[in-house]
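Engineer: Construct the entire structure; sequences and hints are all you get.
Respectively, the protein sequence lines represent chains W and U. Position one of the first sequence corresponds to residue 1 (the working numbering), numbered consecutively onward. Position one of the second sequence corresponds to residue 1 (the working numbering), numbered consecutively onward.
Treat the hints with caution; some may be incorrect.
The calculated lysine-lysine pairs, modelled on DSS-like cross-linking and capped at a C-alpha distance of 25 Å, are [said to hold, decoys possible]:
| id | chain 1 | residue 1 | chain 2 | residue 2 |
| --- | --- | --- | --- | --- |
| 1 | U | K232 | W | K152 |
| 2 | W | K128 | U | K232 |
| 3 | W | K262 | W | K250 |
| 4 | W | K406 | W | K384 |
| 5 | U | K232 | W | K95 |
| 6 | W | K406 | W | K391 |
| 7 | U | K232 | W | K126 |
| 8 | W | K83 | W | K95 |
If you are wondering where the hints come from, they were derived from the structure by calculation, not from laboratory data.
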Amino acid sequence: MSYKGHILEVKNLCLSLCNADGAPVRILNDLTFSVRSGEILGLIGDSGSGKTMTALAISGLLSDFAQADSGEIIFEGEDLVKKSPRERRRLLGEKIGVIFQDPSSALDPLQTVESNLSEIISLRSKNKEEGRERILRMLKTVGFENPEQIAKRYPHRLSGGQRQRVLIAGAALMNPSLLIADEPTSSLDTVTSMSIMQLLHEMCQEMGISILFISHNLNAVRNFCDRVMVMKEGAIIDSDTSWDIMGQPKSAFTAELLLKSKLDPKALGISRGVAQEDAPVVLSAEGISACYKNTFFKKAHTTPVISGISLEVKEGESVGLIGSSGCGKTTLVKTILGLIKPESGTITKSGKIAAVFQDPVSSLNPAHTVRWHLTEALEASGRKMSEDERKNYFLKILEDVGLSGKHLTRFPHQMSGGQRQKAAIAMCLVQEPSVIIADEPFSALDASSQASIIKLLSDINTKNGTTMLIVSHNLRVIKAMCSKVIVMDKGKIVEAGDTDTVLNDPKSDTTAALLKARMYEA
Amino acid sequence: MGSAVRTALIKLCEFLLTALLVSFFTFAAFAIIPGDTARVMLGPEASEEQVEALREELGLNEPLAERYFDWLGNAFRGDFGNSLSFGNPVGDLIASRLPVTLGMSLIALIFVVAVSFPMAAVCSRNPGSIKDKSLSTAGHILFAIPPFALSMMLILFFSKVLHIFTAGRYTAPSDNFGAYLVSLLLPSLCIALPKVAMTFKFLRASMIEFSQGDFVRTAKSHGLSDLRIMLKHIIPNSAVSSVTVISLVLSDIMGGSLIVEQVFNLPGLGRLLLSAISRRDFPLLSGIVFYLAMMTVLLYFLADVISAMIDPRIRDGRAA
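Structural biologist: Structure follows, in structure tokens:
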């Protein structure tokens, strides 16, 4: 890797956005950093710290209403801030590539992969045959074994990981000198994330592309980047080589971020929920299979999404359910909750089951306050309370989850991701369930919020004695919280048992692959 | 491709089923509403025996189901019986009026598409700009004017002020195709303008939504110009959702032509319908209503087919 010069220098960049009342809010505050040619530079920080705004400011993709107040962005010796939007757009196609967080809607759904990618080629060369050749070669480079078939496919027939590969192929086709990757793996499962990061690493080394890698995933950054910068409130507060910053953080904030991301059970003060010897079984499933039914005219899928699943959860214990995406975890959860009717098998449950889902943004109704959500959950549980009783009860529950009375009148958009997830958990608690099923409750949150939600769920488990079934692809979380673990692959349970036994001595290839990908997980 | 063929077959079955149901309800409605066809034909002077004889002759005493299947069988052969007031076969009467109504609908549709897409594209580029606000306001005003008022204003303006149009002059397409088009131009405009406003309003919202979408951001990061992004990504994507709206607009256009034909004094289907109603000409009336209902069902079927042609997700049987 050559460290000769700086490909990008950001000097004293300040940027403001208007809030809902029209008052400007400073997003980037005197931001100064540089990217050396041929390096991978990591940028970490909590959500809202200005990481994505930095990416948008450099790439020139900010909306017209947000422009740099002052400062310089010097790319290959030229100040981008002084350039016209048209010139900056041209630069985007040639020298700067960008890939974004969520690949699900980042490709035009009406066009094939080839057509989505050909727009990059056609800007530069008129030769169609040659362009097609280049696209196929690049699809092969990013790891598709059957580029011809992939090129003909429409985006909805690709998985999340495959779409992100296509987008990376798009960015690489431009042959840029700088690639900005904004959380490129955070919506993908661990195994897929690992392969995407390896791909980026190869591109950096073989094509000499410098990469600005934005993430809240500290482990990924540690293993993948040459240098790391820590961002807080729109400014860089710490920067060093990745080994030094992870080993000996200079600022207290970085140290705290690291501690939280390690999810060390001792530091968090959490312990695993273990069932008593003679604890009764609160949830059991025997030989259940399920598939998605289609409409009136269409036949159901012939291959079930999950099949032959049997499990048993005892009162008070905390069970982890792991597996890569698409293995049927969520289908199993939906079947247990009764949202999908099983084709065969029986589910026995004693007491109520409540659920927390992955995305706290869409699982709360945006038109209503926290109080409305709690009242609805209370009414659904069938209990009657007077106005005063209800208010005191809500206040107590909110306090339990780490919110306060002032949050009762808040709408979902007025809270952070972590607060929304806490409100969702409060809704669960109001129902006084015997089992809480949490489906990927942390993966949409940043490191700090993740740590607090894990602590909360663990406390509910160990102190209230509520049984937990936690679905996650994050082994670190499962290891810290769960006494038992179930591993799924392709709709079947491949391994189950005591957490330490399964994770220390995996019997199945699936578990081994999950463990191998662990160094990249959040 | 198997799933695409299956989706098409399912759509076709849905279409046939809907058409059958609509035909039944049309027939049943005319069988139930008061007014005895035989009595109407013979007039109030005729005796009870004469009316009963005619009822027998026309088959009106048969059970409803039997009459329906007879009528359906004839209808599929294009035979709706003879009009009571004109004496000619109903099918011929409808066919003779079609050039006016279909021609106006088509011209209006072309006008709606040709105007609303560019207007929406211009507005969605800079929502909230002066251009956007003035075009949106113009749209709202057009939307609020009823077609008959608009017709009269346009007739006054073009014939009394500019002296380039004579209301009520109609040339058949077989006589002079150019003159035929010209004679339909102004009435088509009257039908189209409020619909332009409606389609524009919908398209503008959908284009603004798409232009903030992730795949547009990807296209920007690929270095495409705003114009190419509009043509390649935003317009095709908003076309998918607008196909349904345009099919609604088109069935509305056919309804709108009933009034405009009256104002412009054109020999279209709408005037035929009005005269059938006022003369209690049930065979003619049920024929026209059946025809209009079938056209609407057919339009929705075509809209589904076109959406599936544009959107691969619909071909695969998924919601867009």
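Engineer: Now tell me if each hint is right for this structure.
Structural biologist: A quick look at each hint next to the structure:
1. K232(U) with K152(W): 18 Å, holds
2. K128(W) with K232(U): It holds: about 17 Å lies between the C-alpha atoms, which stays within 25 Å.
3. K262(W) with K250(W): Given that 25 Å is the threshold and the Cα spacing comes to 17 Å, the pair holds.
4. K406(W) with K384(W): 24 Å, holds
5. K232(U) with K95(W): 23 Å, holds
6. K406(W) with K391(W): Satisfied, since the Cα-Cα distance of roughly 12 Å is no more than 25 Å.
7. K232(U) with K126(W): Measuring from Cα to Cα gives roughly 17 Å; hence the hint holds.
8. K83(W) with K95(W): 15 Å, holds
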